[in-house]
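> Residue numbers (the numbering used here), protein chains in the order written: chain A, 1 to 334; chain B, 1001 to 1264.
Any given hint could be a false lead.
Claimed, not checked - Partial list, computed: chain A residues near chain B (C-beta under 7 Å): (1) Glu100; (2) Thr104; (3) Pro181; (4) Arg221; (5) Val298; (6) Glu300; (7) His304; (8) Pro325; (9) Asp328; (10) Asp329; (11) Trp331; (12) Gly334.
Worth flagging that the hints you see were computed from the coordinates, not collected in a lab.
Source: prediction; values computed, not measured.
All C-beta atoms, glycine included, are put in the ideal place defined by N, C-alpha and C.
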Amino acid sequence: MAKVQGFTWTVADHDLLSSTDTWGDTLVELGRRDPRLVAVTADLADTTKLHRFKKEFPGRTINVGIAEQNLMAVAAGLAATGLIPIVCTYATFASLRAAEFVRTDIAYNGRNVKIIGTLAGVAFGQGGPTHHSAEDLALLRAIAGLTVLVPSDGAEMAEALRAAVAIDGPVYLRFGRGTEPPARAGAPFVIGKAALLRPGSDATVIACGATVHPALGAAERAAAEGLEVRVLSMSSLKPLDEAAVLAAARETRRLVTVEDHSVIGGLGSAVAEVVAGAGIACKLQKLGHQDRYLGMGVPEDLMHTGGFDEDAIFAAVCALRGVTPSVDDDWEDG
Amino acid sequence: MSPERERLRARVFLRSVLPLLEVVVREQPALSPWLYGARGVVQLEAAGSDLGARLVFDKGRLAIEPVPAGGADLRFVFRDVTALNAFFAGKPVLPRIEPFGGLRTPLLLARTLRLLAALRVLEPPAPGASPPDAVERALRVRLVLYLVTRALSSLHRDGYGPMRELSEGSPERVYQWTVGGSDIAAYLRVHAGRVKAGRGVYARRRPFVHFVFPDPDAAFAVLMATGSQMSGFRGGRVQTFGSPEYTRKIALLMQKVDELLMEG
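Generate the whole structure from the sequences, applying the supplied hints.
What follows is the structure, given as structure tokens:
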């Protein structure tokens, strides 16, 4: 009788788990092209992918220690000399802890600094609420002169970084883990433009960052229920693609915004401001952190708990259209 | 090995390995003559237990029922659960064949022995033997993916702790394995304490964790561990999409299945 051959393998190296985690390499590539690029970190080079840049350009990498306010001030000074500092730290520290320095030293002076906030939202779920970042978009979107980008997957992070370096002025790039499944399927990244990832006229889901892939999954499931759901990836939160938002509001009349961020002050608020300002009557449901802390856990579990995963988006769309989704209740092994 | 673990292991063999016979028969045309006109029920069982399975031959078709029942035409009775497991693990264990050593149903006995022998395709190649050809490599990949998903479902049904942990309170999630350049695919669907192993691609929702092998040879190299454990990732022979934490959990559970089947 058969003896089953061993068929397993061990997953031990996080870095190898995804082919999408490419922005660290992109930074190296940009550094080779432009000697003005310097990396600045607050003791997080290894956990923010800056270590690849540091390895190739040790003389162009500065570690200010665990001092995020100083991090922003040093970056502003470097930019004043004509360099292009790439600042990298966790999103929560880049925003909450260093907000005044981002505003006064960088944005107010129009310094050409690119601030990368990694592990945004609940991407560092195991770190708990102290390391979650549910307020960074609200804080930084309000700072005049600061461009705010929220790419959805590893490939788009790389594109967003290139786009940010290509413009003269301060930019905040909100990154996740880099292990997000590919979501944009080659849609071009343009600052100020939303990407139409799926057409539809029954409702529109407007997503950013780690919620774009779940939004697409929800739209696919909605299609199976007879609903054609438009999906917009709003990777450029500021400037916002107001035309795309207004078209969605006019043409579908039902909007769902979804973000790994508080529903106060982020993508949902930005969309609401545009729609209300134009006087368009439509239903709007904002999914995201509902003004509460989500505790500690695996990011995908926290997204479920927080009500902004694929299931929640699908349920919101169905509810807006009054559709009761079908259920697959077959649990017999196939 | 504790009696509980022996029973756990036996159920994995009976629910996950034995049903692969249906696939082997379908994928290996040379076995078709052995089913021609076949009719009858063969039961494998461990004496003194409720563990067993039935091979149901009907009009030239074979179906595996992973539970024993009465009324078999032929019975393979192992002296206990340990012996049954040893048989499936490839050890020289002979069951008692009833009635009359199968002499009254010689054709059914011959068919059964030939088909059970076909499961040897799961065995590692003998030292020095030539490697399996492309068709057999693809078959092995298909069998292993079906096996592991069924085994994980079986472990869940038996209350195996780590599988229960994965399923209890879980949102609906699909763990998917696909092999490019082929129709080989399997999935494990999990939701709130329920688990289903399925063949093919689950169509109603996107995978929560997706293992993607570019082709059957890459899958063979990874799943049959012909390369080093991480070389599959480094060499691009497998990509994973989805939660890294749950990818790791599933990979470790696959390893547990492997250990369970290989021990003893």
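> Hint by hint, say whether it matches the structure.
Hints, one by one, checked against the model:
For the restraint placing glutamate 100 of chain A at the interface with chain B, the shortest Cβ-Cβ distance is roughly 35 Å, beyond the 7 Å limit, so the hint is violated. This hint is violated: threonine 104 of chain A has a C-beta 38 Å from the nearest C-beta of chain B, more than the 7 Å allowed. A hinted interface residue such as proline 181 of chain A counts as satisfied when its beta carbon comes closer than 7 Å to some beta carbon of chain B; here the least separation is about 4 Å, so the hint holds. A least Cβ separation of about 6 Å between arginine 221 of chain A and chain B falls short of the 7 Å threshold, and the interface hint therefore holds.
For the restraint placing valine 298 of chain A at the interface with chain B, the shortest Cβ-Cβ distance is roughly 5 Å, inside the 7 Å limit, so the hint holds. Interface restraint check for glutamate 300 of chain A: the shortest CB-CB distance to chain B comes to about 5 Å, inside 7 Å, so the restraint holds. A cut of 7 Å between beta carbons decides the hint on histidine 304 of chain A: the least distance to chain B is about 5 Å, and the hint holds. Among the interface hints, the one on proline 325 of chain A is violated; its C-beta lies about 10 Å from the nearest C-beta in chain B, farther than the 7 Å criterion.
For aspartate 328 of chain A, the interface hint holds, since its Cβ comes within 7 Å of a Cβ in chain B; the closest pair sits about 5 Å apart. For the restraint placing aspartate 329 of chain A at the interface with chain B, the shortest Cβ-Cβ distance is roughly 9 Å, beyond the 7 Å limit, so the hint is violated. With its C-beta approaching chain B no nearer than about 5 Å, tryptophan 331 of chain A sits inside the 7 Å limit, and its interface hint holds. Interface hint at glycine 334 of chain A: satisfied, since its Cβ lies 4 Å from the closest Cβ of chain B, which is below the 7 Å cut-off.
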